[in-house]
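Here are the chains, one letter per residue:
Protein chains: 2
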Amino acid sequence: MAASEESLRQALAEKQSAVDAQAHAVRALKARPGGAAQAEIDAAVEALKALKVDAGAAARRLQAALSNNGDGAAASSREAFRQAVVNTLERRLFYIPSFKIYRGVAGLYDYGPPGCAVKSNVLAFWRQHFVLEENMLEVDCPCVTPEVVLKASGHVEKFTDLMVKDEKTGTCYRADHLLKDFCKEKLEKDLTLSPEKAAELKHVIMVLDDLSAEELGAKLKEYGITAPDTKNPLSDLYPFNLMFQTSIGPSGLSPGYMRPETAQGIFVNFKDLYYYNGNKLPFAAAQIGQAFRNEISPRQGLLRVREFTLAEIEHFVDPDDKSHPKFVDVANLEFLMFPREEQLAGKSAKPMILGEAVLKGVVNNETLGYFIGRVFLFLTRLGIDKDRLRFRQHLPNEMAHYAADCWDAEIECSYGWIECVGIADRSAYDLRAHSEKSGVPLVAHEKFPEPREVEKLVIVPSKKELGLAFKGSQKMVVEALEAMSEKEALEMKATLESKGEMDFHVCTLGKTVSIMKKMVSISMDKKKEHQRVFTPSVIEPSFGIGRIIYCLFEHSFYTRQSKAEDEQLNVFSFPPLVAPIKCTVFPLIKTQKFDDVAKIIAKSLTAAGISHIIDITGTSIGKRYARTDEIGVPFAITVDSTTSVTIRERDSKQQIRVSIDEVALVVKEVTDGQSTWGDVMWRYPTHSAAHTEEE
Amino acid sequence: MAASEESLRQALAEKQSAVDAQAHAVRALKARPGGAAQAEIDAAVEALKALKVDAGAAARRLQAALSNNGDGAAASSREAFRQAVVNTLERRLFYIPSFKIYRGVAGLYDYGPPGCAVKSNVLAFWRQHFVLEENMLEVDCPCVTPEVVLKASGHVEKFTDLMVKDEKTGTCYRADHLLKDFCKEKLEKDLTLSPEKAAELKHVIMVLDDLSAEELGAKLKEYGITAPDTKNPLSDLYPFNLMFQTSIGPSGLSPGYMRPETAQGIFVNFKDLYYYNGNKLPFAAAQIGQAFRNEISPRQGLLRVREFTLAEIEHFVDPDDKSHPKFVDVANLEFLMFPREEQLAGKSAKPMILGEAVLKGVVNNETLGYFIGRVFLFLTRLGIDKDRLRFRQHLPNEMAHYAADCWDAEIECSYGWIECVGIADRSAYDLRAHSEKSGVPLVAHEKFPEPREVEKLVIVPSKKELGLAFKGSQKMVVEALEAMSEKEALEMKATLESKGEMDFHVCTLGKTVSIMKKMVSISMDKKKEHQRVFTPSVIEPSFGIGRIIYCLFEHSFYTRQSKAEDEQLNVFSFPPLVAPIKCTVFPLIKTQKFDDVAKIIAKSLTAAGISHIIDITGTSIGKRYARTDEIGVPFAITVDSTTSVTIRERDSKQQIRVSIDEVALVVKEVTDGQSTWGDVMWRYPTHSAAHTEEE
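Those protein sequence lines, which keep their order, are chains A and B. In terms of UniProt numbering, the first sequence opens at residue 1 and continues consecutively. In terms of UniProt numbering, the second sequence opens at residue 1 and continues consecutively.
Do not take every clue at face value.
Identical chains blur together in the list; that is why a pair holds if it fits in one copy or across any two.
[Claimed, not checked] Derived BS3-like pairs (lysine-lysine); straight-line CA-CA distance at most 25 Å: (1) Lys464 - Lys347; (2) Lys280 - Lys590; (3) Lys456 - Lys202; (4) Lys593 - Lys347; (5) Lys599 - Lys526; (6) Lys100 - Lys202; (7) Lys221 - Lys189; (8) Lys360 - Lys471; (9) Lys668 - Lys603; (10) Lys463 - Lys475; (11) Lys100 - Lys271; (12) Lys184 - Lys511.
These aren't lab readings, by the way, just hints derived from the structure by calculation.
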């Protein structure tokens with residue numbers, strides 16, 4: 001481990017000197033007599049930023065290795081790391097269990113002042129990065145939703161978890177949790193376990209999410225699992241709907257639910273939004289808002305909660321043309337991707353260039369690829385470590401049968417790889433479901449310049465024949481046949497005509513069946529059409545804001561020794577963009593004239609729209625720095641004269657000297673992202689006798 | 001009416017020439033050789049802004065008079081005006097009934113793209129104006145709330161409306177609505193009504209909100225009111241709780257509600273927030289979020305809905321010191337106030353200087369006054385007409401018994417004067433209620449430099465004697481006695497000792513009772529104290545964001561004739577601060593080179609963070625202006641060359657010519673509020689051959 005630590009240290013040193021060299025290059029460019037081309041400067045600055053991100057990641061990896069402490073007990077080290085982060089977060093009120101004075105409610109959390117500020121910064125950047133940049137149509141729909149809408153979407157029927165009850169006490173448990181906990185405990189604690197049994201239990205954990213209700217129930221019985229607290233027998237499995245139910249109006253006759261996602265509000269408005277967009281495709285609608293899931297037994301802090309903020313985009317596109325004009329802007333991005341094939345082959349995620357992934361068909365289409373790229377940029381700009389971020393493709397059994405392709409942005413934290421953003425091509429499913437249920441056609445039109453004679457594919461499965469042949473699986477086969485593309489259908493038609501039968505893979509069954517000629521009729525009908533009427537496809541990037549924020553907390557957290565080496569100090573290395581407070585103002589010593597200067601500076605910061613705190617307690621400057629490093633404040637202004645002050649950067653602890661008139665503007669520049677700390681370091685004198693952590 | 005119209009026209013002309021003169025003065029100051037003092041320029045610019053607001057108001061008054069059409073039928077004119085506004089709002093998707101394709105749900109609305117943008121601008125400004133400016137502690141708590149919290153707050157017991165049911169169909173009605181509608185219809189349509197009866201019905205409408213359940217029920221019976229749709233008899237009155245009820249977790253044993261206000265989330269966190277603030281008072285916490293009220297029969301569009309966004313501030317303050325250090329900043333503001341006395345005397349609201357209102361005790365204390373002033377500034381900067389905004393003090397019977405004083409910011413719209421912000425001094429009620437119920441003391445401490453011998457007031461009402469004397473009213477008398485201030489209590493002690501009895505006004509009973517010596521013991525106990533422990537008072541400004549936005553829509557809406565005089569064009573005169581989109585980009589004619597320039601400009605606007613739309617349809621420029629005036633876009637960039645473009649201001653239709661490189665910065669300057677349109681008009685050449693509404 002010492003060797004590995006050594007190599008990490010060396011990597012860090014190399015990254016840091018690369019940063020220094022590049023910073024020097026940027027300065028030289030800016031100072032070039034006659035001026036450099038803006039494009040050249042921009043490119044150099046971008047390169048500098050990328051190097052800094054690398055350096056940051058290297059530092060964190062070293063930190064992680066050090067905290068692993070060379071003993072390989074990664075799990076307990078992860079626990080300890082998490083405990084340190086969570087303690088800091090709760091103590092500094094980033095978040096706290098809701099209704100704490102009443103002993104709280106599992107799965108409900110409050111964001112306190114710094115957490116709330118981080119959240120509102122993340123959402124503001126989301127609006128800037130997605131809504132504004134792409135001219136999306138943002139909407140804001142209620143949480144209370146009538147039953148009819150959620151029946152159409154399938155949530156009333158299918159949005160359930162399987163539950164069992166302690167037969168004596170009535171306490172409820174999630175069935176899959178019990179099975180997982182049982183397997184894990186056996187594997188960890190049962191020393192008599194045979195290798196075969198161990199392999200079996202590991203397999204169960206792996207396929208847990210794919211077990212049917214019957215399989216799950218059988219396993220619970222087979223292993224003799226009882227209620228964890230009482231050892232009482234458990235009831236049979238039954239589904240529990242995860243929506244909070246309520247009743248709209250006084251009659252008691254209008255059931256409603258708190259929405260489990262924000263997307264449905266967009267789908268039901270498709271017709272109006274399409275009109276608003278001038279009856280043109282593609283366009284995207286977006287919504288930020290609360291969503292609710294009445295979890296059976298919430299765990300994992302902010303990662304699995306009963307109420308959370310979602311930010312969702314529904315991008316409506318012609319199913320025949322999923323190209324994206326701005327795909328070229330993200331095509332050169334390279335990051336960790338984890339395609340289906342690699343997962344099935346037991347490999348791990350690998351760096352891929354996005355453009356190639358789309359070209360090779362690993363990612364289904366350009367629009368889906370474009371959003372994957374934009375999500376990567378969004379997350380890394382927030383401060384997510386790009387080496388602990390991967391895009392994982394759904395396996396066939398994870399995907400809804402209607403979905404064309406689906407990728408999750410997963411972020412690694414102490415709980416493992418966590419799904420934080422889902423990016424799914426949901427095809428036409430949602431709009432079709434609401435069209436059917438409401439009777440209002442949710443379709444798009446493409447007018448032809450002149451009428452066209454078109455051939456229309458007509459697929460008519462013979463339900464009778466299919467029923468006889470496949471019995472209970474008939475429905476799945478029918479759906480699979482109807483869902484064939486024109487190319488597939490015509491191939492089938494040809495094969496059936498020549499050979500009389502054909503092998504046909506039904507994804508939803510996970511197997512290949514044999515289709516006979518009499519089971520399906522496929523034909524091309526001709527007719528004249530003046531326009532094409534079609535249901536748009538939907539590509540849906542859906543962001544779990546709380547999960548992203550929690551992972552960001554973990555990725556930003558590190559500790560460093562106090563100057564006196566007697567204490568470990570906590571730091572959140574938030575980029576200025578998300579830092580809850582951008583800047584602090586400290587008079588160096590308690591005296592009226594410094595307090596007055598501090599107040600003048602505070603006023604100019606407020607005028608510039610920069611959130612800040614002013615601390616005129618007599619505490620030592622080192623303590624005051626430590627206190628604000630712990631909530632991730634990137635810049636500290638120390639008032640040590642009545643004409644100029646120092647600005648200290650949190651992570652490097654470097655200080656520069658700036659005049660009082662300029663200080664608010666300089667802080668604004670570096671927090672708005674117009675300049676980097678490196679840029680301003682070069683413009684202002686370094687404060688040589690820096691205020692130390694000891695003053 | 002013609003004379004009045006004439007005088008309004010003249011007033012408008014005067015205001016407009018005052019604006020012109022002041023604008024000239026500002027320009028002259030800025031151009032002064034050697035430069036003018038910044039303070040002088042600032043003052044002149046402020047004066048200009050104020051004059052512009054006046055001119056805007058005068059224009060709107062003229063508009064209102066014109067739409068009244070000289071016939072005095074104000075009510076029907078208000079209806080027509082509202083219909084015009086609401087038609088525009090719904091057609092342009094500012095807001096629409098939710099779940100429209102499923103025939104909607106009464107009292108639930110979606111904000112479409114422009115409405116959503118207005119809302120997010122209003123909330124961003126709220127954060128800037130209140131949270132950032134005052135260093136408030138913002139929190140974000142869940143909507144799902146366990147029953148225990150809302151029992152403590154009193155909502156489970158008291159947050160009800162009185163309802164009656166159609167005895168045959170089961171349809172529910174709000175009892176007070178039925179009574180009000182009955183009285184109104186009688187007054188409007190029954191020509192045989194005696195003057196006495198008419199006076200009685202008017203009185204009923206006036207005191208409607210103060211009627212007890214018994215009185216309301218009696219009136220319904222007395223007037224023989226039946227179900228409006230069926231004429232069936234009605235059930236007896238019964239209370240209906242307005243909270244949406246649900247169940248937390250799978251057991252069905254934990255009732256919960258969707259919060260009816262955001263305030264409780266702050267109160268239950270008082271202890272942590274006080275600690276976060278360094279155990280110092282005063283401080284304010286704030287929260288923006290959804291709140292829910294399961295209205296019996298929602299009416300009035302956005303004004304009475306089942307789900308809405310609240311923005312609430314809880315300012316915690318020492319009850320013995322409600323002074324405010326920044327009160328001086330608002331003391332000179334003058335606006336319409338409507339104190340209790342004026343209301344009781346049948347007078348109307350009158351302009352008052354805020355500082356005087358506090359000095360004279362019309363407003364209870366400086367902190368309450370400070371927030372009234374800040375609310376005034378907030379609303380008028382959003383674009384609320386200051387002449388249609390008043391602060392109305394609650395009458396004694398409107399206020400909770402614990403409240404020290406309460407003022408509503410009411411905005412006049414077509415529905416009348418609407419409560420949009422409540423600003424209440426709620427004393428220690430909420431913190432005490434949660435302390436009691438949770439067992440966790442929610443108190444503040446003031447440490448004394450050295451221990452003090454203090455005299456403590458002890459009031460012990462004799463429940464037995466009071467019960468004998470006042471029976472059912474005993475509880476109210478006990479509470480009123482216990483709530484006496486030290487001064488009141490000592491006066492009572494003296495009077496009881498000298499005279500043996502004393503008249504005592506009990507607010508909650510609305511009458512004066514006679515207190516005998518044996519009914520209460522009042523004494524001052526001495527003891528040594530090291531600190532003072534007390535429950536802070538809470539001053540609560542609470543903003544109904546949807547109501548403010550709806551009133552803003554009405555105040556911003558006007559119509560003007562098209563150039564061809566064949567059409568009335570709709571305009572929303574939103575200030576740039578709240579405008580949903582800041583700017584449009586129009587190529588004058590459809591040609592590739594102008595389209596390219598338009599795209600370059602669009603890119604620079606995005607980079608500058610300015611929301612915009614680009615319209616490259618071949619529609620006439622006049623139509624394109626009209627289309628975006630109707631959603632309140634303040635600036636339009638028209639591309640008519642490849643080097644420079646014009647910027648048009650929405651309300652004045654003035655145009656200036658600006659180079660392509662500068663245009664994004666100029667628009668940023670005027671939308672950020674760094675400059676006014678007047679400022680930039682002076683810097684750039686006016687576009688003489690302005691693109692007209694006819695091109």
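>> Hints numbered earlier in the text: which of these fail when held up against the supplied structure?
In response: 1, 3, 4, 5, 6, 8, 12
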